[in-house]
Amino acid sequence: MAKTELSRKTKTEIKASSSLKGTLASVFLLGFFLIITWVGVYLLFISRF
Amino acid sequence: MFNPSAKLKVDPRDAKLAMAHFFVAFTALAIGGLAGLLQTLVRSGKFELPAGIGYYQILTVHGVVLGLVLTTFFIMGFQLAATSKTSGTFTNKQRITGWIGFWLMTAGTVLAAVMILLNEATVLYTFYAPLQAHALYYIGLTLVIVGSWIDGAAIIMKYAEWRRKNPGQPSPLLTFMSLVNTMMWIVATIGVASTVLFQLLPWSLGFVETVNIGVSRTLFWYFGHPLVYFWLLPAYMAWYVVIPKVIGGKIFSDSLARLSFILFLLFSIPVGFHHQLMEPGIDPAWKFLQVILTFLVVIPSLMTAFSLFATFENFGRSKGATGLFGWVKKLPWGDARFVVPFIGMVAFIPAGAGGIVNASHQMNQVVHNTIWVTGHFHLTVATSVVLTFFGVSYWLIPHLTGRTLTKAMNKLGIIQAVIWSIGMTFMSGAMHAVGLLGAPRRSSYSEYGGAPQAAEWIPYQVAQAIGGSILFIGIILMIYIFINLAFFAPKGEQEFPVGEAADEAEKAPMVFENWKLWLGITVVLILFAYTIPFIDLIQNAPPGAKGYKLW
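Protein chains in written order, with the numbering used here: chain A, 1 to 49; chain B, 50 to 600.
Looking at chain A on its own, in the form it has when it is part of the complex (with noise of 0.2 Å):
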């Protein structure tokens, strides 16, 4: 009896972790952004000086 609902718990708490696909997808946007701007100042500064 006792050993069933101890695994019960344990299914619960495998269901409660939630994903961060999204986070991950957000901070490579970011990181992809800062890389962009960062090229394209690069290059006119490579034009000018």
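Quick caveat, the hints were computed from the structure, so don't treat them as lab data. Given the structure is predicted, the values throughout are model-derived calculations rather than measurements. Among the hints, erroneous ones may be present.
[Said to hold, decoys possible] Derived coverage of chain B by chain A (criterion: at least 3 residues anywhere in the stretch with Cβ under 8 Å from a Cβ of chain A; other residues may be distant):
| # | region |
| --- | --- |
| 1 | 393-404 |
| 2 | 408-421 |
[What the hints assert, rightly or not] Here are the simulated SDA-like pairs of lysine to any residue, each with C-alpha atoms no more than 25 Å apart in a straight line:
| # | chain 1 | residue 1 | chain 2 | residue 2 |
| --- | --- | --- | --- | --- |
| 3 | B | K65 | B | N141 |
| 4 | B | K379 | A | S19 |
| 5 | B | K58 | B | E169 |
| 6 | B | K368 | A | S19 |
| 7 | B | K336 | A | L34 |
| 8 | B | K299 | A | F28 |
[Claimed, not checked] What the simulated footprint calls covered on chain A by chain B, stretch by stretch (three residues with Cβ under 8 Å from a Cβ of chain B suffice, anywhere in the stretch; the number is not a length):
| # | region |
| --- | --- |
| 9 | 18-28 |
| 10 | 31-42 |
All C-beta atoms in this analysis are idealised placements derived from N, C-alpha and C, irrespective of residue type, glycine included.
Based on these hints, arrange chain B on the given structure of chain A.
Below, chain B alone, put in the same frame as chain A:
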């Protein structure tokens, strides 16, 4: 974690102290905002100031009143309220300390403002030597800084008291953050206080004939960069701790938030040379070292971005959101307390990207002293920080005055932020673009003797005036909302939202509260980054400069 000191409501006596700060802050917003509008109009070339008022006088008003007064008063008020709420009501001694700090800051502000209005201190907010202001202006600024130290002492005293009463416990997160920002401010302002007291004041009083420009600028920027983090960290306090509660979610990680604040304490200060990358007299190797340290201070901001995305996604998924970005739709888009700071967060993405460009050593040549830089800090402080402060005001002002944010004011708050975003897109966007074409910052309208390059800049300057005018409408709306929330909104209870960590069992490592360690590393980094170049600046100095009054 249960915190027995946390109060449901800020004590009315502490609320009064915080509100005193906000009255000065919002008065500054009105005056500084008007000055800003006038500047953009003058620079469009379509408008001239009446009665012989100088452009540079208005520019000084704008910079000092918004960059130094609005920010410092709002931040001190917010931090005092946050400390009182999370660590318990101030003792009488602590509160009196706060009041002394407030009155000193106010007296200093009035003195500096009077000298600017009398046209005796048209030296812009950076007060670079050899521009020489009236001595009373420097005394006024000194009072503002000393006042802010005393104001900050109230927070330090409260923190020490909390730690004494709760041995072995990490301090409440908002108190911890207020304390870090206060300590960073004290360490940083030693630089500006030194140049004002030991260089500029004796020089303006005529005790010494000349001043070492390189040293004064270095001391200014030793303070000037942590100054921008002093503006930013209270916004991060709201983003990390308040916003999760407002949306109904949890703080992603209490320890991550503390770590990022400690990193700001360590890396905000030894980076001032990235404002002096084009200056002679500093060895490029030392500039490069400070460039590296500047890039280290990007890390806590990126940690903050990750943490916020994660808070939003966890909340959205707990409400049943699916797909990669489905959680975005679950956020409370009708709540000004969330939407207004959220716009600030979004603005920090281009703001941060521009900052990385500015700090990239040789690349600084592309943007140095152009109006790109003005565009940059109007995204950081005048959008990310200020919109977050407005978002905080929408619940903090009624909380302190015993009123409520009505539906109408909530809606007006969102409209205000949308107007601000539109105005800033025009103004800051045009500044960034024309800055890349070489248009200078600071300077008044000029056709530069009919130079074709300068003629290219004029359409962008008109766009800046359009943006500036839209922003001024935003300022009028904000003042209206502030007055409503302070005096006229219906009586009631407005919540002071303080978030809880997602993992309640998580106890922040006590090493974060070891100030001997963190202040020790801070001092070591500062000495490492500054000692040798500072000796160079003194030993190999050119002849000193006498003072100029060019207005």
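Taking the hints in turn, this is what the structure says about them:
1. 393-404: holds (count 5)
2. 408-421: holds (count 6)
3. B:K65 <-> B:N141: With a Cα-Cα distance of about 13 Å, the restraint between K65 of chain B and N141 of chain B holds, given a limit of 25 Å.
4. B:K379 <-> A:S19: holds, 15 Å
5. B:K58 <-> B:E169: Violated. K58 of chain B to E169 of chain B sits at ~45 Å, over the 25 Å cutoff.
6. B:K368 <-> A:S19: Answer holds: K368 of chain B to S19 of chain A is near 13 Å, not above 25 Å.
7. B:K336 <-> A:L34: holds, 22 Å
8. B:K299 <-> A:F28: holds, 23 Å
9. 18-28: Answer holds; 9 residues pass the 8 Å Cβ test.
10. 31-42: holds (count 6)
Going through the hint list in order, the structure does not satisfy hint 5, though it satisfies all others.
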